[in-house]
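Trainee: Spelled out from the first residue to the last, the chains are:
Protein chains: 2
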Amino acid sequence: MYNHADETYKCPICVGIGTIKEGRSLIEPGDIVFQDELVTAFISSFNIKNNPYHVVVVPNEHIENIYDMSDGTGARIQSIAREMAIALKNAYKAQGVTIIQNNEPYGDQHAFHYHMHVIPRYGGDELYQHIYDKPTASTDERAKAAASLKGYMGKRI
Amino acid sequence: MYNHADETYKCPICVGIGTIKEGRSLIEPGDIVFQDELVTAFISSFNIKNNPYHVVVVPNEHIENIYDMSDGTGARIQSIAREMAIALKNAYKAQGVTIIQNNEPYGDQHAFHYHMHVIPRYGGDELYQHIYDKPTASTDERAKAAASLKGYMGKRI
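The listed protein sequences correspond, in order, to chains A and B.
Heads up, the first sequence is in this note's numbering, so the first residue is 1 and it goes up one at a time.
Heads up, the second sequence is in this note's numbering, so the first residue is 1 and it goes up one at a time.
Hints were generated in silico from the structure; no laboratory data involved.
Everything numeric in this text was worked out from a predicted model, so none of it was measured.
One should not assume that every hint holds.
[Claimed, not checked] Simulated pairs of lysine to aspartate or glutamate, EDC-like, Cα-Cα distance not exceeding 20 Å:
(1) 150/A with 36/A
(2) 49/B with 36/A
(3) 93/A with 68/B
(4) 134/A with 126/B
(5) 21/A with 36/A
(6) 49/A with 68/B
(7) 134/B with 126/A
[Claimed, not checked] Label-pair restraints from in silico Cβ distances:
(8) 126/B with 19/A: 44 to 50 Å
(9) 139/B with 6/A: 43 to 49 Å
(10) 124/B with 147/A: 38 to 44 Å
(11) 139/B with 19/A: 16 to 22 Å
(12) 153/B with 6/A: 26 to 32 Å
(13) 90/B with 7/A: 22 to 28 Å
(14) 1/B with 22/A: 30 to 36 Å
(15) 7/A with 139/B: 46 to 52 Å
C-beta: ideal position from N, C-alpha, C; glycine also.
This is chain A alone, in the form it adopts within the complex (with noise of 0.2 Å):
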């Protein structure tokens, strides 16, 4: 309910994550942190200013936003992003995390896929100052943000 994406749009997220074969997507293999048959969580290809590398947790099914969102499918989500959250602390060293989840064009929403972001924060970063700049991150900078995180994935402390 709710959808903005027409019948013909091609989505780049499931592009990225696999799903569809072909089609152009700024996702690369090595953003990908994890993946299981619900949920894939990647590097975000625009860094914000301050808070470079910071992950997003999609459903693999192609849904366009929490309106449609199953509770199945959320609560894996939800406990990624968690997952995720722990990941920032230890491997980025973050000193907060902050999730921002947008939904329609007028919510900031711009990839017509649900995605939730999972952002590292520090001391000063001025996020909401830099949140519409995103400059596009290296690919290669991604894959190191990525295996980074990998090595902490299911770690509690």
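Chain B: place on chain A using the hints.
Mentor: Chain B alone, transformed into the frame defined by chain A:
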């Protein structure tokens, strides 16, 4: 883990949702939109300028942040956030919904009990320019907003 409240912290959210009986809270009974054995949703005591009467979803159990969230409670949080997003669409005629969940002081967390903001969005609302302003919303208006949302709980349209 990574908790910032000390042993003497009188949690205003625990007081507001009724799990602690004595103490101070800005949350009033009329603010409550939904409560079950695991979670509570209520109208925020603070308005964001162009996004008034947003909803806050919390676990009833005192958990400071996402790092300590159980999968079961996290699942219910996500499910009720979705219900609230749909209710905001229906009751407020929101044009979008943004969900924000902050952890730790450097992550903009000020009340040390996990809470997820479910925020109605509108064209030109400039959410992030006003996100730190937060004037207090009137008790009567909050109660009206809560009542309007209750009427749409469980709706799927």
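Trainee: Against each hint, give a clear statement of whether it holds in the structure.
Mentor: Hints, one by one, checked against the model:
no.	hint	result
1	150/A with 36/A	holds, 14 Å
2	49/B with 36/A	violated, 40 Å
3	93/A with 68/B	holds, 17 Å
4	134/A with 126/B	holds, 17 Å
5	21/A with 36/A	holds, 18 Å
6	49/A with 68/B	violated, 28 Å
7	134/B with 126/A	holds, 17 Å
8	126/B with 19/A: 44 to 50 Å	violated, 35 Å
9	139/B with 6/A: 43 to 49 Å	holds, 44 Å
10	124/B with 147/A: 38 to 44 Å	holds, 41 Å
11	139/B with 19/A: 16 to 22 Å	violated, 48 Å
12	153/B with 6/A: 26 to 32 Å	holds, 31 Å
13	90/B with 7/A: 22 to 28 Å	holds, 26 Å
14	1/B with 22/A: 30 to 36 Å	violated, 43 Å
15	7/A with 139/B: 46 to 52 Å	holds, 47 Å
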